[in-house]
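The task is simple: from the sequences and hints, build the whole structure.
Number of protein chains: 2
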Amino acid sequence: MNEEKEEKIKITDGAGGRAMDRLIGDHILANFSNVSAGEIGLGELDDGATIEKENGGTLVLTTDSHVVNPLFFPGGDIGKLAVCGTVNDLAVMGAKPLALTSSLIIEEGFPTSKLDSVLASMENSSTEAGVPIITGDTKVLEKGNMDGLAINTAGLGLADKPISDAGMEPGDKVILTGSIGDHGMALMQYREGLSFKTELTSDIAPLNDLLSIAQNAGGITAMKDPTRGGIATVLNEMAGKSGLGITVKEEAVPIKEAVSGIAELIGISPYEVANEGKAVITASKETAEGVVEEIKRHSLGTDAAIIGEVNKDWPEKVIMETEVGGRRFLEEPLGDPIPRIC
Amino acid sequence: MNEEKEEKIKITDGAGGRAMDRLIGDHILANFSNVSAGEIGLGELDDGATIEKENGGTLVLTTDSHVVNPLFFPGGDIGKLAVCGTVNDLAVMGAKPLALTSSLIIEEGFPTSKLDSVLASMENSSTEAGVPIITGDTKVLEKGNMDGLAINTAGLGLADKPISDAGMEPGDKVILTGSIGDHGMALMQYREGLSFKTELTSDIAPLNDLLSIAQNAGGITAMKDPTRGGIATVLNEMAGKSGLGITVKEEAVPIKEAVSGIAELIGISPYEVANEGKAVITASKETAEGVVEEIKRHSLGTDAAIIGEVNKDWPEKVIMETEVGGRRFLEEPLGDPIPRIC
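Chains as they are written, first to last, in the numbering used here: chain A, 1 to 342; chain G, 1 to 342.
Keep in mind that the hints are not guaranteed to be accurate.
No copy is singled out in the list; a pair is fine if it fits within one copy or between any two copies.
Derived DSS-like pairs: lysine-lysine, alpha-carbon spacing no greater than 30 Å straight-line [what the hints assert, rightly or not]: (1) Lys8 with Lys114; (2) Lys241 with Lys161; (3) Lys285 with Lys241; (4) Lys241 with Lys53; (5) Lys285 with Lys96; (6) Lys143 with Lys8; (7) Lys53 with Lys161; (8) Lys96 with Lys241; (9) Lys161 with Lys96; (10) Lys143 with Lys114; (11) Lys249 with Lys296.
Hints were generated in silico from the structure; no laboratory data involved.
Right, dumping it as structure tokens:
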């Protein structure tokens, strides 16, 4: 009991990865039992949850609180992140986003000019994604109680057939819609004052259009956006939830030079940092090539590639195959090595 | 421009009332244009927004971020508040709550034992209200960035016919489901260390059951829960949105002795502080008595009363009539005089 009392929340508990899995399992899921209104509920720890509709179609509900530091960074700001992050959570569930909520927690003394920039950026992203922000809430905290601004967005979508994280099948191809690590490394270089060295910007973008095109190409079995904890976390989650293995061809994974450069410089793996405009998709081996072709035609998917394959030989494991034939496990990190990135 | 740059957010901007109306009007509504998916959108500043369904019934979406201080107080905690607040926003829209989201922002170092109490309390309230928490998000901020815990809940509901704030008609009766000021004054006495003097506790409760009973009694034209800014704010909002006037018989307004006692002691009007388990309802003069009778049968409505009447003689005004025949305007406060109450 005393020990329990002394247990405290750590930064890594909120950084995706295994530490957050523990927090969610031992505390949130341990306390909640009334957690489902359809096939996919809180217990599935998917990107959102489903609510069966009486007449075909399934409602998808999701939520995300954004506490990014800094609020403004190369390629975007907390407003763009708040809209795109939630639109993307709906999109990877296979849902067409219908509407968003916007709930602001503002620190006393926050300049209204900065607030206006963030709100304008939310408006731009909501227009780009074609999803209205239909209701909201505003709270103000005394100075010193937080750092400027936190934004929660919840999203409601409608799916013909929701796509879960767990749906992949043996033999499926693993598709990545573009290069990895852009968001995490863009924030990192900015924080470290390295921005002048590269043109690298965050990849934040709404993926609903791209992913509906991908779905129309057919044969998609699972989709997930590799945010906190990067593709190392997401691939392991997909393997764990399906009970299957994934082999990834290292040379097939698209990475920008600027990203690998910063990664080496600061000693952080681009596989473990957040992306905000990318998706991992599994598709049947019959349709995968066609899915990639369709994705490549879209401006957000030009670097799309098949990076690996699903197998039943290595249950719940992700294996990296190097060009020269080397093999190693790609482990789920304890947490995203870059804190406060979304 | 420079002046704009210097304009900063104030505590009152988040306390309900006129200051928050300005913040929302001049900044949020000024920046957002893509704000509607149905009849009631962001622009209506209602307790939630509507999304038309193709086959009868209307979806209602709402969101609320909770930053109450202290996190634990007489009669409840931030977890109970987070669940009941959002359930009630759906209920006063005339919607049956279908599901909730839960998004936690936790400060590094927050004791997991306290987190567990809050989560257990969310679970209890979600069970009491009969509404599942189906999806969530968890973020952790570095120590010193906020005060312990903030919880956002978004809610999805389904209404046969949504009830807006603006629906009241001349001649309608104004019903209050119970005594005013309990939540705000309970927090205030606790903060001021006066708890020992009274048994006063917050009135936090889920109102979905009570308000569905009220609706079944018929003739309801508008409903609103008087949270931040109290009934002074809510009555003025309802008058403003309908373009009609409200007269309130002061002696008819139920107030607990403990509440008026603390109110006098600290010089704060119970009309201007938050309630978390009460609703203001307008109903046709034919049905109002019956509605009150039905409400009184429910444990959360025993003190329900008709407190006034809607007229067209005083557009957008709220007038208090005292026992001895005195009359004064009940103004909307600049903001709730008690900060951080929800």
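Same-copy or cross-copy closeness of Lys96 to Lys241 [CA-CA at most 30 Å] | within (24 Å within a copy, 33 Å between copies)
Homomeric proximity label, Lys143 with Lys8: Cα distance no greater than 30 Å = Close inside one copy (24 Å) and across copies (11 Å); limit 30 Å.
Check Lys249 against Lys296 for me: Cα-Cα at most 30 Å, and say if that holds within a copy, between copies, both or neither.
-> Within one copy only: 19 Å inside a chain, 68 Å across chains, cut-off 30 Å.
Copy assignment of Lys8 with Lys114, given that the CA separation must stay at most 30 Å = Between copies, since 9 Å is at most 30 Å while 33 Å is not.
How would you classify Lys53 and Lys161 at a CA-CA limit of 30 Å: within, between, both, or neither?
-> Cα proximity of Lys53 and Lys161: in one copy and across copies (12 Å, 18 Å).
Status of Lys161 relative to Lys241 across identical chains (alpha carbons, at most 30 Å) = Result: close within a single copy only, 18 Å intra versus 40 Å inter.
Alpha-carbon proximity context of Lys161 and Lys96, limit 30 Å = Close inside one copy (11 Å) and across copies (25 Å); limit 30 Å.
Can you tell me if Lys143 and Lys114 fall within 30 Å by alpha carbon in one copy, between copies, both or neither?
-> For Lys143 and Lys114, both the intra-copy (16 Å) and inter-copy (24 Å) Cα distances are at most 30 Å.
State whether the alpha carbon distance between Lys241 and Lys53 is at most 30 Å within one copy, between copies, both, or neither.
-> within (25 Å within a copy, 33 Å between copies)
Is the C-alpha distance from Lys285 to Lys241 at most 30 Å within one copy, between copies, in both cases, or in neither?
-> For Lys285 and Lys241, the Cα distance is within 30 Å only inside one copy (20 Å; across copies 58 Å).
Up to 30 Å CA-CA - Lys96 versus Lys285, copy category = Within one copy only: 25 Å inside, 44 Å across.
In the structure shown, no violation is registered for any of the earlier numbered hints.
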